[in-house]
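S.K.: Okay, here's what each chain looks like letter by letter:
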Amino acid sequence: MIDGWTLATIVLMGSVTYLTRIGGYLLLGGRELSTRTMTVLEAAPGCVLIAVIAPAFVSGRVSDLIALAVTAVAAARLSLLPTVLIGIGSAGLLRHLLG
Amino acid sequence: MRASAPVLIGLVPAALVLGAQATGKGLAPLAVPLMTGLNFAGGSEFAAVGLWTSPPHLLLIVGVTLLVNSRHLVMGATLAPWLRHLPRRQVLPALFLMVDESWAMALADAKTSHAGKFEPAFSLRYFLGVSAGVYVSWVGFTALGALLGPVLGDIERWGFDMAFPAVFLVLMRGMWKGFGAAVPWLVSLVVAAGVHLMIPGGWYVPAGAAAGIAVAWITALP
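These protein sequence lines map, in sequence, to chains A and B. To convert, note that position 37 of the first sequence is 37 in my numbering; the numbers rise steadily by one, no gaps. To convert, note that position 204 of the second sequence is 204 in my numbering; the numbers rise steadily by one, no gaps.
One thing to keep in mind: the hints can contain errors.
[Said to hold, decoys possible] Residues from chain B shown here face chain A by an in silico Cβ test under 10 Å; the list is partial:
hint : residue
1    : Gly63
2    : Met75
3    : Leu97
4    : Ala143
5    : Pro184
6    : Leu186
These aren't lab readings, by the way, just hints derived from the structure by calculation. Note that the coordinates shown come from a computational prediction; the quantities given were computed from them, not determined experimentally. C-beta atoms are modelled at their ideal positions from N, C-alpha and C, and glycine is treated no differently.
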């Protein structure tokens, strides 16, 4: 079952996301955005995503660092499914080999 | 809806991984389609599940959702000139379904069919067709992933946790605008990693993101 706190979190997530969807159309649609605002708005999502996975970079395991590097190279060249498989495979294998 | 077929195939593995990871983090199987159906923005759902605890940190997760989805503001603003001929009572509900894929495809479709004018070129039907396909398969396959998750559970030991960084890195590749534009990301990574080592809890995410956004603001010349 879904508890109230989880439900509240999910409903609020949906609400702020909907606000971002209509906000650009309602508030910014009529005017030119400055290049600076555009740059910041374009950089923000990547900043959050990399921050979420930052702990993986400082886990203190050499195997994880190598696996991350391998995964990053895969991500730059391949589509989602092969990248995920390479990420899982390299992490599993390297942990097994290097401990 | 037929036009969205290649997109749909690409999103199936991501949806399955998200659903499986979500139940692994303690979300009820029913909560997964609820989240993906109400929120319907993959990047923020991966971020939310990555930070999920039982009970979840509401402010942190909602704040991170807002930041990841801030790019919708740019997307909505670029779409606005193409929507002037449509009444708001149609546009506002339709925008609920705006995702990277439907936005990009509808905009491309409008640009190829427009004859020097913005107005009639944008096809709401085309936009809704692509969006509906993405919506049904995203919610459906994340729900399926949530049901399969417990079955796959013990694969986690074998490096399954690397699926998250892998998905995120692919998402970021899609946002890549060159090394200069990636400097804020690097700053965010370094600050987030540092804060993670020093302060327990999920606060490394807003700290890193805030540092990265500040650098983006400072380095982007007005």
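S.K.: Confirm or reject each hint.
M.R.: Results for each hint:
no.: 1; hint: Gly63; in the structure: 8 Å, holds
no.: 2; hint: Met75; in the structure: 6 Å, holds
no.: 3; hint: Leu97; in the structure: 9 Å, holds
no.: 4; hint: Ala143; in the structure: 14 Å, violated
no.: 5; hint: Pro184; in the structure: 4 Å, holds
no.: 6; hint: Leu186; in the structure: 8 Å, holds
Hint 4 alone, counting from the list given before, is not met by this structure.
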